[in-house]
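Student: Residue numbers (the numbering used here), protein chains in the order written: chain Z, 1 to 259; chain W, 1 to 354.
Read the hints as simulated data drawn from the structure, not as lab findings.
Among these hints, one or two may not hold up.
To be verified - Covered stretches of chain W (chain Z as the covering partner; in silico rule of three or more C-beta atoms under 8 Å from a C-beta of chain Z):
#, stretch
1, 247-257
2, 296-307
Said to hold, decoys possible - Which chain Z residues stay away from chain W? Per the calculated CB distances, all over 12 Å, these:
#, residue
3, N13
4, P14
5, E38
6, V66
7, E127
8, F131
9, D142
10, K203
11, D217
These figures come from a predicted structure and were not determined experimentally.
Backbone N, C-alpha and C fix where the C-beta goes; we use that ideal spot for every residue, glycine too.
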Amino acid sequence: MDKIIAEGEVNRNPIIKLIDVEIGYDYNQPLVKIPDLEIFPGEIVAIAGPSGVGKTTLLRTIAGLVRPISGMLEVCGATHPSKPVRGSLGYVPQRLGLVRHTSVIHNVMIGANAGHNKSLRSILTSEEPKFSSIWSKITSKDAKKHALSAIESMGLTEKLNEPIRKLSGGQQRRVATARTLAQQPSLIMADEFLSELDEETMKMVLNEVTEYIRNSDAALLVVEHDISRAKSMADRLLVIDDGRVNPFISEVTAIEVKI
Amino acid sequence: MKRNVVSFVGPLPFLLYFTSALLVMYILAPQKLALYIISAIPIMIISLIALSIIAIMISSGNYLIKLSLLSTILFSFWIFNEMVDGDWGRLSGSFENLLIFFSESLWPPDWSVIEPQAYPVCTVYPLFDFTCSTAWIGLVETLKIAFVSTVFGMMLSLPISLLAARNLNYWGVSYIFRFILASFRSLPSIIWAIFFVILVGFGPLSGVLAMTVYTVGYLGKLQYEAIEGLNKTPLYAAQAMGLSKIQTAYQVVIPESANDLISQAIFMFEYNFRHGTVIGIVGAGGIGYYINLYLKFLQYDKVIAYLIIIFIVVLIIDLISIFARSFFTEGGDTPRRQSWIGVFLPSAMLRSEK
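With the hints as constraints, model all of the structure from the sequences given.
Tutor: In structure tokens form, the structure reads like this:
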């Protein structure tokens, strides 16, 4: 297995580090084995593979919703996902997880508040918490500002107060992406976040997300069943294979593939 | 669309038909009304049993389900026979007793209950002098008790139900709060009313306290079941994003289940009004106080007047509640608003019109 890491990135701390991790819901029957995976700031990594192989489960494990069966899993330097770590994880589930009865701005504000929590916590736990900075965090409209700019970048400004259930599938997907961007996380996990979008919107969303990843040194881990699309957007490609792609393998393993 | 038999034979048209027939009989031949009711009762019972058996036969295709339902019905008849202990002869005199009780004590109703009381002196404009009557005062007090206890109960039950929902808490926490809710619910509101009458004395205060306690137990159960029925994905997303429990509760859980919560609160108000008429009997305020009073004086004609008033008001509040709740219950994603006519007719009849 060969890693494609640009020069100078070797010394940086990885955002995600997985060593010999087995994942799945049944302890006796692990779905996927991941020998080694490290994701560094500024990288876009796509997970591809046939359906039902465990791509989403891998994402849920990294998000801390499912416990790994064995192995070492480190996210943002912590082995167990605690609240401060989780505040810097953005997650776009396949079914989006939007609050359907409320407006677009409410949903994006959920993400913005999660990010706000994180920054407030980091100020409170810093060595010398300054009262003025805490006060400015509590009273400032930072969260609202982030939410509005995320909605604008997704082109949903006109739908600001529209209830989610009245939006189309693609628009809902953009709301979920805006929610993650408003959170300003250091790792975005997105599950098929480009499906249901037309060609133009897809490019726009991808551009915005990529720009965010490159500018703020975050990482993007994206599940994509379409391998050609995955290759076009990602720096690295992780293929989870149960023998349907490469018939010579004996166990379900995540393999890095050169692009 | 496939229509089933049960939706056509809804209880509401049956009731309307029955009451209108009684009204016509009362106008034509007031003396024979009791006889008419008595002859209608066995026909009603037999037709209901026959209808339920037919409904079972038609609705389920599975032979085993049919057999088990039929045997359940037969089994309950057998148990009933055991309890009566062969003394079916007791039924023989009952019709005559009812006839005598009805024609001599109950009918006609004494409508003096909606006339103003002699004391305190009524000072309102004569057209509105019914507002000084015992029936009006009792009804308004029952409505007040129901409203206040529903709001108080909702304020208390919402945080408890958030703690009792298994998808938001560790199982230990949720079981403790479930136990609390179940203990509130285990006694009917009339027993709570007896307790609170002993604690704080007669009057609406004890009624409000009793109804509030029962509302917390009952509404809390409805609420945590609604919360547990929520879609899991928004909760997972909130968990992964690192929202705190309180933030998850008021940003995700409550907005997502708001429709259910509002609909349940309206239902609870309706329920509290119906039960508020009963708690007055133990002295906890409301119209039940006057019913109890006239029962003790054996003035059954006044009692039946109160009962008819309660029946009409409960029916009106039921209909308003169904109409109000239809704004908040959803079929699929788009809310289906019910028309006024839809409140009065069963849904199958409306569908056939279109």
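Student: Work down the list of hints and note, for each, if the structure agrees.
Tutor: Here is how each hint holds up against the structure:
Counting residues of the stretch 247-257 of chain W whose C-beta sits closer than 8 Å to any C-beta of chain Z gives 5, which meets the bar of three, so the coverage hint holds. Interface restraint, the stretch 296-307 of chain W with chain Z: violated (0 residues with C-beta to C-beta distance below 8 Å; minimum three). At roughly 20 Å, the least C-beta separation between N13(Z) and chain W is larger than 12 Å, which holds for a residue marked as non-interface. With a cut of 12 Å on Cβ distances, P14(Z) stays outside the contact zone with chain W, its closest approach being about 19 Å.
The claim that E38(Z) is not at the interface with chain W holds, since no C-beta of that chain comes within 12 Å of its own (minimum 21 Å). Non-interface status of V66(Z) relative to chain W is broken: a Cβ of that chain comes within 12 Å, the nearest being about 10 Å off. At roughly 22 Å, the least C-beta separation between E127(Z) and chain W is larger than 12 Å, which holds for a residue marked as non-interface. Here F131(Z) stays apart from chain W, with its beta-carbon at least about 22 Å from theirs, past the 12 Å limit.
Its beta-carbon lying about 16 Å from the closest one in chain W, D142(Z) satisfies the requirement of being farther than 12 Å from that chain. Remark: the non-interface label on K203(Z) is consistent with the geometry, its nearest Cβ contact in chain W lying 25 Å away (cut-off 12 Å). Every CB of chain W lies more than 12 Å from the CB of D217(Z), the least distance being 19 Å, so the non-interface label holds.
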